[in-house]
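Trainee: Residues per chain are reported as follows:
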Amino acid sequence: MTGRLERVMDKLNGGVVRAFLIVVGLFWLVPTVGLLVSSLRAPEDMSASGWWEVFSKPSQLTLDSYQKLLENGDITGSLVNTVLITVPATVLVVVIGSLAGYAFAWMEFPGRDWWFLGVVGLLVVPVQVALIPIAELFGKIGLFGNILGVVLFHVGFGLPFAVFLLRNFFAEIPRELLEAARLDGAGELRLFARVVMPLGGPAIASLGIFQFLWVWNDMLVALVFTNADSQPITVALQTQVRQFGNNIDVLAPGAFISMVIPLAVFFAFQRQFVSGVMAGAVK
Amino acid sequence: MATPKAVEAPKAVGAPGAPTAPHSRKSVTGTRKAVAALFLLPALVLLGALVVYPIGYSLVRSLYDQTGDGFAGVDNYKALFTDDGIRTALKNNVIWVVFAPTVATALGLVFAVLTERVRWGTAFKLVVFMPMAISMLAAGIIFRLVYDQDPDKGVANAVWVGVHDTFAEASAFPKAHPGRDSPLRADGGGGFLTEEPVRAGVPVSLPLVGVAPDQMPGGAEKAVKARPEQGAVTGTAWQDFTRGKGVGTLGVPDPTELGYAGMRIEAVKDGKVVASTKAAGDGTFTLPAEADGARLRLPAANFKEAYNGLDWLGPSLVTPAIIGSYIWMWAGFAMVLIAAGLAGVPRELLEAARVDGATEWQVFRRVTVPLLAPVLAVVTVTLMINVLKVFDLVFIIAPGSSQDDANVLALELYRKGFSEDQPGIASAIAVFLLLLVIPVMWFNVRRLRREVRR
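Residue numbers (the working numbering), protein chains in the order written: chain A, 1 to 283; chain B, 1 to 454.
Since the hints were made in silico from the structure, they are not lab data. Please note: incorrect hints may appear among the correct ones.
As the list claims (entries may be wrong) - Some chain B residues judged to face chain A by a derived CB distance under 8 Å, without partners named:
{"hint": "1", "residue": "V97"}
{"hint": "2", "residue": "V98"}
{"hint": "3", "residue": "L114"}
{"hint": "4", "residue": "S135"}
{"hint": "5", "residue": "M136"}
{"hint": "6", "residue": "V146"}
{"hint": "7", "residue": "P178"}
{"hint": "8", "residue": "R180"}
{"hint": "9", "residue": "W361"}
{"hint": "10", "residue": "F364"}
{"hint": "11", "residue": "D421"}
{"hint": "12", "residue": "V440"}
{"hint": "13", "residue": "M441"}
From the three backbone atoms N, C-alpha and C, an ideal C-beta is built for every residue, glycine too.
Sequences are here, hints too, so could you generate the full structure?
Mentor: Quick look at the structure:
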């Protein structure tokens, strides 16, 4: 009988697989842990030794860098800007995308499907294509350096995905539901607000989370369209990277603070995030 | 996706004149076109102004010179292949597109298959997927830290040097050299040799200087003058200098001076090593009688500079290093999509193959991978598009000195457009990037056309 041998092999395999996954998991965790620990050590300690020394000298841990950072007006101001950019850019994409998604799913007008396909075609347009033209446009109409300009840009580039995702989701709403509401005398706007939007909850959540993370994490668009007063945290930190060795006490805690909200959103809404990622695999 | 209804629903009220198209999802309401237009207007205006208009603008702008006044024909496009910066960027983009998506997808596949076999698979997936939620800027800062050149700071080099030193002998005395009145002379190969032959029974002094106090090996003890021993060559190798106290008695171990613990010593006769040993903690050593009449050599291995790891962010490794950080961010994406595909693979197929005596590897290679091929293709293509646009990671991780070597198209576009004031060339790069994604655009539209037409 080879049964016993196979069982031994299976066990061994199981052990190897587990060991491999543990090593890989550590490999994936260590960089982030390194940043966290670095942000919790004094700059003198950081220039003297590696962050892992903290495991033998836990007394090195201190919140000083965070305290200094939060007293730094540039950084706190840029955090406020990040919120001022991200929240409207997310809400607008959801609202405008839902309106269009509903129209594409349930209204009738000439060339509807062609218009929709046109929007889908825009899914893969790289943002880089628009940087120079829009910078020029914003310069002319006075939106350059303005938070509104960055918000608009993010809405524009968020819309193809929003329309794509929501149209497909809304199209699956049972026709009977909409007709029943219509028979009750609901107008188009009421139908949209009272029936379609609530039923579209899961898709809207996915879209909202996706767009929120996208805008919150963006650096390139903000780098081009904001100035010192309107820059978000990513750009504020980017300006510090040039002197990387000297201001790790700003960069490490700053990067960590900028990660806290996205990570919280990620852990709280994993399921929606994953379904957003799946739907967005074409983006 | 859209579920076609076999039965035509009753005609909507309030729209007596609406045409009954054979579409499954005709308007429930027979909406007036004006209302539809109102619903669509905000989206179409924004898309037109912010996405479509820039495409047209870039196309036109790429045909004009840098000031925008003179028509330049295809000059800007020629620059794509003649400008050194852009050529490096192109070359790097090819490296990125070939390696980053394939490695990320391969890892994602391996992780997805293996996590199915452990109970804590979900926790593992969470860890690997997490980097997707953070910004490329944060990831960039994280990896600047990881790739720090100093092995005492950068974890990549700390590990690398650790592994290296496990296999290669570490040298302990990188800057040691003979002081004044030393019996030692350079041997021409990085080591040192005594001028006079040594005699058994007569202790030898091998004083050196130059090792920084914090660089002394951990086992170093107070240096001791060796005792004479019959039929053996004895001696002391030590640091003939103490910070703040000077040399003391030159050529004699003083109580404050430390032995060169672990220093290698060879006895050489006519160019041949006849005996060798290592100094003890107090610097003393003993060589057998064969060493009588030989000259003592401290071989070069003692004095080599300590191995300092790899220059991750130097010109030659910077692109692979940044690709590594990208894979750290995106392997989780591949893993999650592939795991979802894997959940749809019928278990019976795998079981049947196992019952037929296939090994796990054969099952993986001949059943799992072919069944997942469509998912793998989607993941790889998605990552390829994503990689074409990579900007933040390169911008943040590559230090100023090697940013030219790490250059990619998206970065070069930014530089040309916003710091070198060459909008014509930048527009040509933009059009080029757009051309590269058009096949995918076409593919998306075709796939969807089938669905909307159902």
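Trainee: All hints, please: hold or fail.
Mentor: Results of checking the hints against the structure:
The restraint placing V97(B) at the interface with chain A is violated, with a minimum CB-CB distance near 14 Å, outside the 8 Å limit. Hint status for V98(B) relative to chain A: violated, with the closest Cβ pair at about 19 Å, above 8 Å. The restraint placing L114(B) at the interface with chain A holds, with a minimum CB-CB distance near 5 Å, inside the 8 Å limit. Restraint check, S135(B) versus chain A: the minimum CB separation of about 3 Å is within 8 Å; hint holds.
Taking 8 Å as the C-beta cut-off, the interface hint given for M136(B) holds, the closest approach to chain A being about 7 Å. The closest approach between the C-beta of V146(B) and any C-beta of chain A is roughly 5 Å, which is under the 8 Å cut-off, so the hint is satisfied. Among the interface hints, the one on P178(B) is violated; its C-beta lies about 32 Å from the nearest C-beta in chain A, farther than the 8 Å criterion. Because the smallest distance between the Cβ of R180(B) and any Cβ of chain A comes to about 34 Å, over 8 Å, the interface hint for this residue is violated.
With a least beta-carbon distance of about 11 Å to chain A, the hint placing W361(B) at the interface is violated under the 8 Å criterion. At a threshold of 8 Å, the smallest CB-CB gap from F364(B) to chain A is about 12 Å, leaving the interface hint violated. Given the 8 Å rule on beta carbons, the hint for D421(B) is violated: about 11 Å separates it from the nearest Cβ of chain A. Interface hint status for V440(B): upheld, as the beta-carbon distance to the closest one in chain A is roughly 5 Å, under 8 Å.
Hint status for M441(B): holds, given a least beta-carbon distance of 5 Å to chain A, under 8 Å.
Violation of the numbered hints given earlier is confined to hints 1, 2, 7, 8, 9, 10, 11; the remaining hints are satisfied by the structure.
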